[in-house]
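Undergrad: Sequence:
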Amino acid sequence: MQGIIPLINKIQEALATTSGRYEIELPQLVVVGSQSCGKSSVLESIVGKDFLPRGTGIVTRRPLVLQLYNIATPKEYAFFGHLEKEFTSFTDIKEEILRETSRVCGDNKGVSTDPIFLKIYSNNVINLTLVDLPGITKNPVGDQPKDIEKQINNLVFDFISRENTIILAVSPANADLANSDSLKMARKVDPKGERTFGIITKVDLMDEGTDALELLQGEIYPLKLGYIGVVCRSQKGINDGKSISESIKEEEKFFKTHPVYHKLSHNLGIRALSAKLNTLLIRHIKRTLPQIRDKITTIMTHKRQELDALGADLDFEGPKGAKSVMLNIISKYTTTFNNYIDGDFVKQSSDLLLGGSRINYIFSNTLFNALDSLHPLKTISDDDIRTCVKNASALSPSLFVEEKAFHILMKQQIARLQEPALQCAEQVFAELRDLVSSICLPELDRYKKLHFAIIDVLNNLLLEYLQPTMQMIKNLIACEDAYINVNHPDFIVAKDALLNIFKKGNDPPPEDNVFEKIEENNNIYRDSDQDSEEDSEEEQEPEEGYTRREFFDNLMDQDNVNEVQPDRKVNSHLKRPNNKEESKYSVGYEADNNMITHIPQVGLIKPPKKMRVDDQPNGREIVETQIIKNCLSSYFNIVRKHIADLVPKTIMAFLINKAKENSQQILYTSLCDGEEIQDIMGEDPMIGEARKECHRTLKNLSKAVDLINEARDYNYFKEEYQLSTSKLEKMSLEDTKDEESQ
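If you're matching positions, the sequence shown starts at 1 in the UniProt record's numbering and goes up one per residue.
Hints in this document: simulated from the structure, not taken from any laboratory.
No farther apart than 25 angstroms at their CA atoms in a straight line, the calculated lysine to any residue pairs in the SDA-like style are these:
#1 Lys253 x Gly226
#2 Lys332 x Glu683
#3 Lys303 x Asn164
#4 Lys703 x His82
#5 Lys75 x Asn123
#6 Lys249 x Leu264
#7 Lys256 x Ile238
#8 Lys150 x Lys184
#9 Lys692 x Asp445
#10 Lys448 x Pro685
#11 Lys629 x Ile492
#12 Lys649 x Arg416
Simulated restraints on C-beta separations:
#13 Asn459 x Glu419: 22 to 28 angstroms
#14 Asn179 x Tyr77: 37 to 43 angstroms
#15 Ser702 x Pro259: 53 to 59 angstroms
#16 Gln423 x Met686: 37 to 43 angstroms
#17 Thr335 x Ala309: 17 to 23 angstroms
Note that CB positions come from ideal geometry on N, CA and C, so glycine has one too.
Please model the complete structure; the sequences and the hints are all you need to start from.
TA: Structural data, given as structure tokens:
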């Protein structure tokens with residue numbers, strides 16, 4: 001029966017194919033140390049073979065996951081994770097490590113987080129899994145990158161920061177432990193020293209008269225897991241070809257005969273280190289297996305949900321089956337579309353406005369603010385109004401406010417409402433189009449062609465409904481422009497508009513009222529002594545061309561109108577005189593005729609080609625302008641309210657509601673009746689690959705769970721401990737026999 005560590009290695013292999021977003025931290029021992037601290041010598045001594053590349057600078061530039069398997073046969077061999085080739089020569093293993101490192105990292109001495117997996121099978125090892133990391137360095141040497149220290153630190157922290165990692169901090173005994181790079185980095189992620197184990201190397205190279213007893217007993221830098229001291233092979237021994245087994249024998253002899261270390265010799269050396277690491281890993285695995293199992297079970301649940309979303313393999317059994325699936329998807333899609341608009345999609349709180357709430361924002365905020373920013377008096381000046389009044393009155397100046405000018409100016413302002421109203425429709429159209437594209441159904445991830453077809457059909461449908469919507473909005477503006485309803489109950493009465501002018505200040509209405517001025521100016525031509533009954537009768541007849549009575553009635557009360565009407569006699573001086581008067585004046589004319597030659601002649605100034613109103617308006621023009629301005633503001637507010645109310649209703653009726661009502665039927669007609677239904681319902685090839693990947697991952701995860709359930713049996717841990725103990729006893733017995741034979 002195999003041990004727990006090989007089972008964990010199998011679990012690691014089973015989980016190697018899981019998706020990258022699911023990170024499972026398996027128990028592992030990570031070796032950390034600075035360059036030349038003896039880290040590589042420790043690993044080679046544990047394996048019992050020279051297999052790691054050596055040289056100047058950084059040699060280990062990728063993490064090396066070293067999985068050791070104890071086997072009964074004397075044959076020793078190895079496999080790499082990236083090759084299906086058996087290696088029996090450890091020299092070839094060394095060359096392959098260099099080759100694989102250069103393949104990923106290049107030749108510029110950079111580092112990579114992509115690990116190299118190496119399995120070594122031997123009867124001289126204990127079941128163990130170690131991760132060898134690049135040596136910590138401070139300064140770049142040779143062609144090393146300038147940021148090599150940062151690269152290595154990031155890589156080391158990535159491994160040792162995982163909670164399921166035991167940190168093997170390697171430090172040389174002949175250097176101050178306070179300056180140990182490995183212990184400094186370990187303390188950053190494990191400040192209490194609960195998962196850090198110290199390995200003190202080069203114990204034999206300390207100055208004469210000194211020892212590492214305080215270090216090994218944890219008196220200088222306490223660690224919960226403790227320390228073990230080892231003796232590394234010297235470079236001279238490596239150059240002389242001294243085997244690792246010979247070095248281990250010399251190490252054991254050193255500790256047994258040392259005056260200080262001989263009492264601790266059973267807990268010092270490479271063999272004691274191997275057993276200690278084996279025990280640490282087994283205990284760590286036993287402690288973390290329940291958490292790993294729960295994590296894998298959670299991942300399996302997500303994978304099953306993902307597989308359900310991808311659906312089973314396609315088997316429509318002909319066009320009818322494909323059509324049935326399509327109808328179901330279309331129904332779900334249109335229902336979701338309508339729910340987003342009506343607000344029925346909300347199942348959980350969100351910090352963003354979605355669907356119909358965004359459209360309502362356009363109606364109540366965007367459109368309202370745009371219309372509210374329009375003011376009829378911002379685009380026209382008093383001079384514009386006076387000019388319009390004079391142009392409208394032409395040859396027949398009005399006695400009162402020119403109504404035609406008011407109509408002209410009002411229509412100009414109504415036209416300004418059309419652009420924001422049309423923009424409102426366009427914004428709602430854009431929101432609906434975005435909504436169509438944003439609807440996500442699990443089935444649509446599978447049928448990409450159908451998804452694109454649905455979006456295309458609905459976008460065309462919305463565009464088709466947008467045109468009559470825009471036209472209806474233009475019609476609303478045209479209706480307002482067609483008839484200026486001065487009898488509207490909300491429209492300011494013209495007389496009130498005039499009174500408002502006077503109320504703006506505390507002064508009473510000006511004495512030179514425009515209407516009084518008209519009367520006074522006309523009276524200067526009136527000859528009261530010559531009034532006759534005949535003249536009165538002629539003046540009571542209405543003047544030809546007078547067509548502004550209605551607006552006049554709005555301007556003043558009917559009683560005031562009657563008061564002004566008799567004053568039309570002011571034009572009586574223009575009547576032809578009677579015969580008696582004519583003879584009288586003709587005599588006077590003849591008497592003065594001889595004086596004409598003594599009067600200087602006066603020439604008329606030629607009018608300019610471009611004429612404008614006077615810079616200084618008279619009293620009548622000021623009052624008239626203010627009345628028109630008040631009337632423009634009053635009526636514009638009425639029209640603006642109409643547009644603000646009717647535009648959203650128009651968009652709802654002609655665009656939104658029609659899209660909701662007809663989208664499903666249009667999709668049925670456009671997609672389900674065609675001969676290309678089989679092609680539209682074709683599955684995206686990536687979906688098929690994703691389904692296969694899900695099946696493969698679920699299979700491996702299930703295998704991992706089975707292995708964990710098997711590993712949770714206590715006998716595995718007991719057997720593994722017995723295996724490591726018996727292996728050490730066997731190695732010690734063999735060494736004793738060798739010594740006796742010698």
